[in-house]
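What follows is each chain in one-letter form.
Protein chains: 2
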Amino acid sequence: MGHGIDELLERRDVATLQVELKDMTTVAVADEMSRRNTAEQAVIFRLLDKDRAVQVFEYLDVTHQAELLTGLREARFADLLLTLPDDDRAQLLGEMPAAVAARMMTDLPTDRRTVTAELLGYPAESAGRIMTPVPTVIDVGNSREQALKKLRGRQLRNRDIAVLAVTDSTRQLVGVVNLASLVTAADGTPVSELMNVETHAVRATEDQEVAARLVQEADLLALPVVDHEGRFLGMITVDDAMEILEQEVTEDVYRAGGSEPLKQPYLTATVFDLARKRGVWLLVLIVTAVLTVNVMSFFEDTLASVVVLATFVPMVTGTGGNAGSQAASSVVRALAVDEVRPRDIWKVIWREIRVGFLLGIFLGALIFPFIALIYEWRIGAVMALTIVGICTWACIVGGVLPLIARKIGVDPAVFSTPVVSTLVDATGLVIYFSIAQVILASML
Amino acid sequence: MGHGIDELLERRDVATLQVELKDMTTVAVADEMSRRNTAEQAVIFRLLDKDRAVQVFEYLDVTHQAELLTGLREARFADLLLTLPDDDRAQLLGEMPAAVAARMMTDLPTDRRTVTAELLGYPAESAGRIMTPVPTVIDVGNSREQALKKLRGRQLRNRDIAVLAVTDSTRQLVGVVNLASLVTAADGTPVSELMNVETHAVRATEDQEVAARLVQEADLLALPVVDHEGRFLGMITVDDAMEILEQEVTEDVYRAGGSEPLKQPYLTATVFDLARKRGVWLLVLIVTAVLTVNVMSFFEDTLASVVVLATFVPMVTGTGGNAGSQAASSVVRALAVDEVRPRDIWKVIWREIRVGFLLGIFLGALIFPFIALIYEWRIGAVMALTIVGICTWACIVGGVLPLIARKIGVDPAVFSTPVVSTLVDATGLVIYFSIAQVILASML
Chain A
1 MGHGIDELLE
11 RRDVATLQVE
21 LKDMTTVAVA
31 DEMSRRNTAE
41 QAVIFRLLDK
51 DRAVQVFEYL
61 DVTHQAELLT
71 GLREARFADL
81 LLTLPDDDRA
91 QLLGEMPAAV
101 AARMMTDLPT
111 DRRTVTAELL
121 GYPAESAGRI
131 MTPVPTVIDV
141 GNSREQALKK
151 LRGRQLRNRD
161 IAVLAVTDST
171 RQLVGVVNLA
181 SLVTAADGTP
191 VSELMNVETH
201 AVRATEDQEV
211 AARLVQEADL
221 LALPVVDHEG
231 RFLGMITVDD
241 AMEILEQEVT
251 EDVYRAGGSE
261 PLKQPYLTAT
271 VFDLARKRGV
281 WLLVLIVTAV
291 LTVNVMSFFE
301 DTLASVVVLA
311 TFVPMVTGTG
321 GNAGSQAASS
331 VVRALAVDEV
341 RPRDIWKVIW
351 REIRVGFLLG
361 IFLGALIFPF
371 IALIYEWRIG
381 AVMALTIVGI
391 CTWACIVGGV
401 LPLIARKIGV
411 DPAVFSTPVV
421 STLVDATGLV
431 IYFSIAQVIL
441 ASML
Chain B
1 MGHGIDELLE
11 RRDVATLQVE
21 LKDMTTVAVA
31 DEMSRRNTAE
41 QAVIFRLLDK
51 DRAVQVFEYL
61 DVTHQAELLT
71 GLREARFADL
81 LLTLPDDDRA
91 QLLGEMPAAV
101 AARMMTDLPT
111 DRRTVTAELL
121 GYPAESAGRI
131 MTPVPTVIDV
141 GNSREQALKK
151 LRGRQLRNRD
161 IAVLAVTDST
171 RQLVGVVNLA
181 SLVTAADGTP
191 VSELMNVETH
201 AVRATEDQEV
211 AARLVQEADL
221 LALPVVDHEG
231 RFLGMITVDD
241 AMEILEQEVT
251 EDVYRAGGSE
261 PLKQPYLTAT
271 VFDLARKRGV
281 WLLVLIVTAV
291 LTVNVMSFFE
301 DTLASVVVLA
311 TFVPMVTGTG
321 GNAGSQAASS
331 VVRALAVDEV
341 RPRDIWKVIW
351 REIRVGFLLG
361 IFLGALIFPF
371 IALIYEWRIG
381 AVMALTIVGI
391 CTWACIVGGV
401 LPLIARKIGV
411 DPAVFSTPVV
421 STLVDATGLV
431 IYFSIAQVIL
441 ASML
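For the record, the sequence lines run as chains A and B. The opening position of the first sequence corresponds to residue 1 in UniProt numbering, with each subsequent residue numbered one higher. The opening position of the second sequence corresponds to residue 1 in UniProt numbering, with each subsequent residue numbered one higher.
Hints listed in this document are in silico derivations from the structure and should not be mistaken for laboratory results. Warning: the hint list may mix true and false statements.
Straight-line alpha carbon distances no greater than 25 angstroms define the calculated BS3-like cross-link-like pairs of lysine-lysine that follow [stated by the list, open to error]:
1. A:Lys407 with A:Lys347
2. B:Lys277 with A:Lys149
3. B:Lys263 with A:Lys277
4. B:Lys150 with A:Lys150
5. A:Lys149 with B:Lys347
6. B:Lys347 with A:Lys263
7. B:Lys277 with A:Lys347
8. A:Lys347 with B:Lys150
9. B:Lys50 with A:Lys150
Please construct the entire structure, taking both the sequences and the accompanying hints into account.
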């Protein structure tokens with residue numbers, strides 16, 4: 001058996017190794033581990049099911065526990081696991097027991113923490129990746145004095161202990177207590193009286209953005225992160241939440257402007273990088289714009305007989321694009337701050353129909369006399385009606401696309417201005433030429 | 001004299017009253033005040049110069065001080081001052097002495113606080129308007145125990161005391177001390193050893209956004225607000241800072257989409273409101289679009305002889321608009337997060353020239369064979385060269401306009417997509433038709 005494991009470790013055949021370990025007793029696994037170096041111990045431990053891992057960890061004596069923790073943090077172990085393909089790694093790394101996870105993360109420098117969070121099996125962009133491990137939890141049975149005493153003499157950042165996790169003997173999160181409450185309370189008050197039990201908390205696998213938005217909306221200084229069994233792992237502090245929201249806004253702004261977000265600051269990104277991020281979308285947009293070429297070709301006869309119609313094409317597409325992008329940006333923002341949800345789609349459509357129609361009437365009435373005077377009244381009528389039609393249509397398209405995007409799991413910001421305006425361009429031209437053909441029938 | 005003041009108060013001639021008060025002695029002013037009702041006391045006090053106000057306040061006994069504070073908070077007084085025209089009010093209301101201002105704000109409900117901040121003379125959108133008055137300041141001479149004792153038994157929110165202001169006997173801010181430092185320090189440690197003297201602070205008249213961004217960038221839990229003499233007034237807490245930054249982002253997103261920001265959530269705003277916020281900009285944009293009509297008219301002969309040129313007009317303006325909006329959104333965002341400043345304008349231009357040229361070459365090379373095959377090679381060449389020219393030009397325009405906007409004090413977000421694309425439309429058409437005239441000379 002021992003030989004088998006040696007070989008499997010040698011070959012890095014972690015999948016088979018995991019199956020082998022399933023059939024062994026807790027004691028046998030612990031024995032196997034004690035005979036190996038720290039990196040190998042870590043590999044074996046990490047491949048155990050969660051329940052088994054807890055049992056093994058508890059079976060080990062304190063020295064071996066410390067040794068294992070060292071192994072789990074070692075660069076050799078990280079190198080080994082991080083060279084596995086992403087899928088394999090995600091499949092192999094189950095959730096680490098909370099007590100071990102929290103101890104592993106504590107006191108690590110931030111850059112190592114990112115790698116470690118990956119090793120702990122928390123998915124990319126998850127709350128587990130950004131949580132701050134907090135070395136101090138308050139026992140639910142403590143008094144105010146006992147809790148405060150626990151903090152004395154330690155190097156603790158203000159934002160890490162402004163809110164303290166209160167846990168029971170199994171590390172289950174039972175509530176949070178504010179440092180201010182501990183400080184201002186009367187002597188002898190039990191922590192259980194001071195704590196807030198209806199506390200917000202997220203799982204380590206939850207999306208970072210969801211966690212960050214919760215911090216913002218509930219005005220929290222810190223949000224507890226727990227594992228699937230509700231055991232306390234760490235905190236997401238308000239400064240980290242702000243940073244995530246800021247990154248998120250940057251991504252939205254780039255997408256809204258029609259390009260992929262940059263990973264580094266504008267002035268330090270290479271020119272080639274800038275071009276690449278934008279080029280992808282510009283290509284998509286120019287291919288979509290082929291639609292407009294088709295529409296224009298289709299109405300070429302109409303254009304040839306009334307050349308003045310061409311004169312207004314940029315104004316028609318421009319106005320459609322602008323009205324559409326206004327609607328899209330309102331709805332994208334409303335989605336981002338949770339004011340609108342995909343199920344509100346009919347409400348949004350009905351609003352946008354009315355807003356677009358109002359805008360169209362307003363602008364149409366304004367431009368009609370000018371165009372009628374300079375060209376002739378029929379051209380004026382074509383333009384006025386086109387503006388009404390295109391504003392209404394553009395508002396509907398602009399309002400609906402972000403909602404559909406959210407529904408199908410695409411970032412709604414992608415459907416801001418450039419994409420919307422390119423889509424509205426072609427359909428807007430159809431509206432324009434159709435109206436022209438009817439009104440100018442005698443001239444064609 | 002007393003009669004004169006009666007009459008001036010009656011007539012609400014605060015300007016003359018202010019001049020009258022300048023000529024009176026401190027004792028005379030205090031005497032005048034003691035003979036009047038609380039609202040009138042408040043008016044007189046509020047019209048005094050700052051130095052005089054401090055003197056008068058100190059001259060009053062404790063009972064009269066309390067009476068005056070009551071008057072300053074009274075609805076009658078607020079009504080009186082708030083009915084004055086804005087300019088008058090701003091001119092009349094000098095900065096309130098810090099000790100009085102802080103005492104006035106404390107314990108007020110949030111809605112009353114907004115009005116009070118206005119009465120205190122802090123301009124709209126200023127830090128003073130959103131600061132939280134903090135009833136507890138720590139004396140620089142205190143020990144850790146004395147400071148903690150001061151907090152005992154009080155109803156204090158966590159975020160209001162996570163960071164505490166340390167002041168001297170004249171209420172001058174000398175530093176801040178973290179609650180965590182007080183809690184974790186050894187017995188008897190003087191506050192002066194625990195406090196951070198190189199602390200960030202803003203004046204009450206500073207822009208809210210500047211203050212909020214400082215909170216974010218320096219990862220603060222609270223930012224002290226001081227008056228012009230550096231006396232402590234209150235704190236801007238991290239949750240308020242987050243809210244301001246969020247509003248600011250919402251404004252930017254709306255402006256980037258080409259409309260004025262809504263004051264209420266999308267679904268609760270009236271349709272008319274939505275239309276009004278967008279209509280203003282849509283009008284500006286359609287008027288600007290008249291430029292494109294002019295350009296098209298100017299090249300009408302060219303269009304009439306080669307009708308196929310009209311076919312590509314939406315693609316030309318669309319691509320220009322998209323490239324411009326990509327550049328604009330990058331630079332607007334970089335400005336918002338302080339990665340780029342107006343003085344970087346030449347760096348930005350040089351980057352955008354290269355990015356735009358690269359994008360143009362890439363797209364131009366891609367579309368040339370298709371157009372050459374379907375139409376003819378000269379049309380293909382016109383389009384390819386136009387795309388190179390228009391991408392380069394659009395990137396420059398999109399990159400530069402937000403910087404100019406910031407320089408002249410306009411929100412750079414205004415120059416995102418719709419405005420940039422409308423401006424690029426007209427100039428892009430000039431590029432298009434000029435290239436066409438040269439290459440297609442034989443066909444015209």
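What are the numbers of the hints that this structure violates, sorted from low to high? 2, 3, 5, 8 and 9
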